[in-house]
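J.: Here the protein sequences come in this chain order: B and X. Reading the first sequence from the start, the letters are residues 1 to 722 in our numbering. Reading the second sequence from the start, the letters are residues 723 to 1030 in our numbering.
Derived from the structure by calculation, the hints contain no laboratory data. Predicted model only: the values in this text are computed from it and were never measured. Mixed in with the good hints there might be a few duds.
[To be verified] Listed next, the stretches of chain B that the computed footprint assigns to chain X, with coverage defined by at least 3 CB atoms under 8 Å from CB atoms of chain X:
1) 114-127
2) 314-324
3) 339-351
[Stated by the list, open to error] Below, computed lysine-lysine pairings styled on DSS-like, alpha-carbon distance capped at 30 Å:
4) B:Lys26 with B:Lys217
5) X:Lys953 with B:Lys194
6) B:Lys362 with X:Lys964
7) B:Lys362 with X:Lys953
8) B:Lys174 with X:Lys1014
9) X:Lys907 with X:Lys953
10) X:Lys964 with B:Lys174
Just so you know, even glycine gets a beta-carbon here, dropped at the ideal spot from N, CA and C.
Residues per chain are reported as follows:
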Amino acid sequence: MNTYLLEIGLEEMPAQMILPAIEQLKTLANKTCEQHQLSFNDIRTFSTPRRLAVTLAGLPEKQADRIIELKGPPAAIAKDSENNWSKAAQGFAAKNGVDVADLEIREFEGKDYLFVQRQELGKPVPELLQEEAEQWISQLNFPKNMRWGSYRMRFIRPIRWIVSLWNDAVVPLKLEMVEAGNDARGHRFLSSGKRLFSQAADYEKQLEKLYVMADFKKRRESIISQVKKLEQKHGFKVELDEKLLTEVTNLVEWPTVLLGNFEEDFLDLPSEVLITSMAVHQRYFPVFEKTAGSHSTTDPNEGKSSGAGKLLPHFVTVRNGDDKALDTVRRGNAKVLRARLSDARFFYLDDQKRALEDFRSKAEKVVFFQQRGTQNQRVQRIVELSVFIAQKLELSKTQQKHVHRIAELSKFDLETQVVYEFPELQGLMGEKYAHLKNEANLVCRGIREHYHPRNSKDSLPEDVETVPVALADKLDLLTTAFSLDMIPSGAADPYALRRTAQGIIQLILGLGLGLDPEDLTYEAIRLLNEQQKLDLDYTKLQENLLDFLLQRQRWFLQERGIRYDLIEAVLQNQPGKKQPQESRGSGALPVEQLQFADFLSQHLETDIFKRSVEAIVRAENISKKYPNKIVEKIDESALKLPEEKNFFAALQPILDSDQNTRWTPEKYLKQLHSIEPVVTGFFDDVMVMDDDPVKCGNRLWLCMQLAKWSRQHLDLQALVFA
Amino acid sequence: MKSSHTIQEIIMLLNDYWNKQGCILMNPYDVETGAGTMNPMTTLRALGPEEWNVAYVEPSRRPADGRYGENPSRLYQHHQYQVILKPSPDNVEELYLASLVALGINPQEHDIRFVEDNWEAPTLGAWGLGWEIWLDGMEVTQFTYFQQVGGIECQPVSAELTYGIERIASYLQDVEDVFDLEYTKGISYASIFRQPEFEHSKYTFEVADTELMSRWFNDYEQEAGRALAEKLVFPAYDYVLKCSHTFNQLDAAGAISVSARASYIGRVRTLAQKIAKLFLKERCKLAFPLMKDRKAAQKWVEELTPEN
Chain B
1 MNTYLLEIGL EEMPAQMILP AIEQLKTLAN KTCEQHQLSF NDIRTFSTPR
51 RLAVTLAGLP EKQADRIIEL KGPPAAIAKD SENNWSKAAQ GFAAKNGVDV
101 ADLEIREFEG KDYLFVQRQE LGKPVPELLQ EEAEQWISQL NFPKNMRWGS
151 YRMRFIRPIR WIVSLWNDAV VPLKLEMVEA GNDARGHRFL SSGKRLFSQA
201 ADYEKQLEKL YVMADFKKRR ESIISQVKKL EQKHGFKVEL DEKLLTEVTN
251 LVEWPTVLLG NFEEDFLDLP SEVLITSMAV HQRYFPVFEK TAGSHSTTDP
301 NEGKSSGAGK LLPHFVTVRN GDDKALDTVR RGNAKVLRAR LSDARFFYLD
351 DQKRALEDFR SKAEKVVFFQ QRGTQNQRVQ RIVELSVFIA QKLELSKTQQ
401 KHVHRIAELS KFDLETQVVY EFPELQGLMG EKYAHLKNEA NLVCRGIREH
451 YHPRNSKDSL PEDVETVPVA LADKLDLLTT AFSLDMIPSG AADPYALRRT
501 AQGIIQLILG LGLGLDPEDL TYEAIRLLNE QQKLDLDYTK LQENLLDFLL
551 QRQRWFLQER GIRYDLIEAV LQNQPGKKQP QESRGSGALP VEQLQFADFL
601 SQHLETDIFK RSVEAIVRAE NISKKYPNKI VEKIDESALK LPEEKNFFAA
651 LQPILDSDQN TRWTPEKYLK QLHSIEPVVT GFFDDVMVMD DDPVKCGNRL
701 WLCMQLAKWS RQHLDLQALV FA
Chain X
723 MKSSHTIQEI IMLLNDYWNK QGCILMNPYD VETGAGTMNP MTTLRALGPE
773 EWNVAYVEPS RRPADGRYGE NPSRLYQHHQ YQVILKPSPD NVEELYLASL
823 VALGINPQEH DIRFVEDNWE APTLGAWGLG WEIWLDGMEV TQFTYFQQVG
873 GIECQPVSAE LTYGIERIAS YLQDVEDVFD LEYTKGISYA SIFRQPEFEH
923 SKYTFEVADT ELMSRWFNDY EQEAGRALAE KLVFPAYDYV LKCSHTFNQL
973 DAAGAISVSA RASYIGRVRT LAQKIAKLFL KERCKLAFPL MKDRKAAQKW
1023 VEELTPEN
């Protein structure tokens, strides 16, 4: 059994880029095997901060011989007038090393061509891999590459060695800076002396002897099991955040888990400050008291300390090495943490000495966006927009007062020292400090939660009073950025505007709010325009904003599993489609569109619904085709046939009932289904395009009214049935 | 802790080590700098094809970090030990690690990590990729491969090693407060630096005449431009350093709004980019005298000299 090994030795790669790189390497190796029809039993990948490797086991010695068929010039020019092979045919045969006698004529896509069959001898696999492996390296893609030394190559980090091994033999491979060999490099500090890989198949085993755990999963498991041992020994709970665990696993080649301590006094600090210092700045795992409900991995999107008990004055870190002098490492790490926490405590106490209003006056100097005012002016806009939304939501006077206060205090903590040092604690520190100044609980919570939802999985604000502020904050950011033409395109979205717009949609649809994006965007633009004395183009700006929000609404519906054509049917007549104003029919609110989509999802495939769609689409098509023939007003006396009379009679109550009430999907479907037999009957038995202009005009009027009514709800033309 | 070197010994050990590696030992620059990188021995010499291996101590001023000599780890002025290796040698990581051994830090008894940290200096139009190096969780060195300086691609690429001297010393001496460090036997860091730390902080935050400084900034900028017009690279660069330090002081004093900030940075960068270009041109005129391979130097000259 043959095994091939490629190991790319590098200087330490950024932790988060290792796993994507190894996936790419695997894909490239698989592609090679597929392209060259190489069979194998097993493909494995390995990675550490300093190496990316792949092994292919069970490869054949030699690629199988293959018959390949090549298409040549058209048969029409294959022979000359004397029925001799033409120059073109001879050339084709010569090029492929066959006699003209071996040429065949066969049809290809309706025309005759010359064909030749040629036997391709399989190459020895190592020879083939020699060319391919070099391609794997150059085809690896990284988000940010660098150059080093005097070399021209760009790569994630400098390449320092290559191992390319076919069983026990080096498969030569040469890059600009290094030639492949079979030197086995072990752990930087734990292994020494020159060693060689004896067998490609033994890669993992041999590295293990040199203090390198080359398999990411094994390293991860090793960390988890060492942590579990600590948990058992000390009876506490270590929070292994998945993202941090992955990062730490990618920072070490030989993990040794160790437990450190910090002074209990520091527990007076908000636990989030402690956890951020440990997890974000130092890549330590925080340690909690064990409670009945605690579980081993916590969803990073939820509160950090959910499910676990009180934070304990310990930390768990992973050393890249063995357990020699572990105490020195422990003390060193504790010292660093102590310095960080002392700093944080100083800031925390110092912040508390100031009144909340002080921070706001500091924000007067801080510019939010150029030409769009200071942070304080932004807060003023958020306050006004929040109150506007609160009124739209018909909140009580008392509730509005709370909304006002939350909005007013929504950003003061950005000027505190703790948030300056720990930007990820924005909102949370606001909540803490507001508590200390005896603000209402609801207001404190609102300061933290108005940032929600921060991503597609994040929770929505708990209190209804926070919702207007959450919307206003996001709307103002979006409007301000768009007013400066900072509209995300492609991957670039430095202010996370997509996520911001998504947050607005999540709030409206997730909470079922009857808010109209047209009202919201108009008010946001008006506030900005008037406050900053700008001369904004309302129409264009609003159109851009609505369009952007519509895209996120589409995303929301997709995520909900709504059928693609139904989404389009429901989102019809939106500004994004650039339809003329009067046909922006329904004025349906996003929340109503969602109800429609949800409800209709269950009825899409019923026969009666399909027939209804067919009938309405027919009515719409024909009335659109002859707009000039439709009568202004229906002439009831000219309705003679029972089918047209029935149609009119059935249509009348539907049009009337829809006049002044907001429609519901249930009602729409009921009406649609009730009128379907009448319309189908009408089309079956009545000739719409009668020679008599009155008859014809009447019938078209019926079709037009029906289509118009239905289109107010959704665009049935968008639906696609199998 | 096996070693408890004084700051002075640390500097001497590093000098000795990098001297043995063939570095030119230089002295701190005589114009205020925010970091060893700002010293023209780095900024300018990182440009162009000439080999350049140099090591020096750089007292680095960060007005915004001034804490009146009361904070155990923040200083108005700290000390960096700066090494530039151009082109970056293939064994540069090993060279660095051996320098830690020279300081008495045995890697087997510690946890040494290379944690991604990319560097950018917007005022210099410079960026690079690399790591912060952690010694038992403490960042002790910044390790950067320069990719661009003054908006110009670095070719070949330099490796920059910036040791935080106070950081390393507080680790080696097992001291929590930077002012408790021993500078040399019997002389504490506090006894030398507490007063200037206090005074510089007070000056920066309470006394500095920011209006005057704004004028200085304009004057320095103008003078840099004049020197540039006369093709005087180094004098022009000195005024850029003056601009940069004045900007840092204004910023620390809270005299620069966010929007103005971007424009100040842009002005310094524009100058830095012009100087970078001019430096290359002038070195080219001199046929890159530091290049040992004269044939290669000639090739560079031909490549960089625009055809008439």
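J.: Quick one: which hint numbers does this structure break? Sort them smallest to largest.
T.: Violated hints (numbers, rising): 1, 5, 7, 9, 10; every other hint is consistent with the structure.
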